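Undergrad: In case you want the letters, here they are:
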Amino acid sequence: MRTMKAFVETVGDFSIEKYQHLKDLLFFSVKCLQHLFQKRNYNAAVLDVLVVQIYFTSVQIIFLFLTVSIVFGSVFMGFILQKIKNMGLVEYLGDIMVGFVFIELVPFATVLLLALRTSSAINTEMAVMKVNGEIEALQSFKIDIVNYLFLPRIISMGVSALVLNCFFAVIVSISGFLFSNLFFDMKMGIYVDMILESVTFKDLVLVFSKNLVFAFFISVIPLHSGSQASPEPTAVPVSVLQGMVRVFIAIVLIEVSSLIIRSI
Amino acid sequence: MAGLAELKRSHAHHLGLVTKELPLLSNLSAWQNIALINQYHENLGIKKSYETALDLLTRLGIESVAHKRNPQLSEEEIFFVKLIRAVMFLDAKIAIDRPFRQVGESLHPELLHQHLQTLSRYYLRCFIFDYQSNQERYTSFNL
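Protein sequences, first through last, are from chains W and D. Residues 1 to 264 in the working numbering are what the first sequence lists, from first letter to last. Residues 1 to 143 in the working numbering are what the second sequence lists, from first letter to last.
Check before you lean on any hint, since a few could be wrong.
[Claimed, not checked] Below, a list of computed lysine to any residue pairs in the SDA-like style, where the Cα atoms sit at most 20 angstroms apart: (1) Lys48(D) to Ala44(W); (2) Lys142(W) to Tyr123(D); (3) Lys47(D) to Val51(W).
Think of the hints as simulated: they come from the structure by calculation, not from any bench. Values in this document were obtained by computation on a predicted structure and should not be read as measured data.
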């Protein structure tokens, strides 16, 4: 009986803690969204950080990103087209490219790379700033940390997700054409027509919004986790670990939600 | 430091604090730490805020640190960069918390006095909080 009581208490404590954290995160996300759409929050200092962040998030990653997309895109497209050939599904090539590759695979791979590189960096940076007292220093000079630290990182993540997603889609399309030409002797015009016929306006809206939702949460979660770190040096790795686990949970949840929305 | 806490409460709006607990931002250089206040509060462009920061660093004779970041600066340089950052507030009142604790015994009170006078047109009042035992170090300040 005593063990049962202890078990229920443990489960209860765990649930309350998780619920409280989720509530904090949602309030934090709403606060960031409110600041995001207020023009007066964008001053010279914020724009300066924004430019630097876009450079760190979109430009510095380009070489690594292109290499990964070429290798991964080629291997994956080779495999997919081989299967399409074996199953005799060549007339569905456009639908497969759009429905699976462009809407599901490319945003997912892009966001994974961004999360691995940038979200972890954001989480560490915020936790270190918290431990060093730099966040307190900013607040003492009446600098709103949501405007100065968070907004530029959220916006740069959005820009990066969209730009890198486009790069990845172009590379995968080129790989797709090369393998289609190899396996089916398909000409460029036919390949482009098949893809364009399968694309709808709804698909474009879905890809665009999915990328923005991904970008918002893979930046807001590490920002929240880092800025909530306790002020001891040992809190940095703990904060990064917790933040990154939450980022990957969010990615999976968004991916599943997008699949559900598409199926409706 | 009850006095400092009281000052923080009563002059919260334009109080530029110089304390060990409020470090320079480590991902910004010395001039960027100074310029940040003007850029944020007065929406000053990067060129103008750079010129202002460099001018003030030059007045204190530490313009060579302008492009260096926190870890590359000596304690004295960090202290004076923090002092300039504190006066960047419009109509600033500055509060310096135990200067000798921040810099160490190498800080010359005369140098601090001289630098405060150099920057005097940028702040309204300056409060220095220190231990009673350090009072004689401030004789040159004509308190």
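Undergrad: Against this structure, judge whether each hint is valid.
TA: Okay, the hints, checked on the actual structure:
| no. | hint | verdict |
| --- | --- | --- |
| 1 | Lys48(D) to Ala44(W) | holds (11 angstroms) |
| 2 | Lys142(W) to Tyr123(D) | holds (17 angstroms) |
| 3 | Lys47(D) to Val51(W) | holds (15 angstroms) |
Violated hints for the displayed structure: none, as all numbered hints are satisfied.
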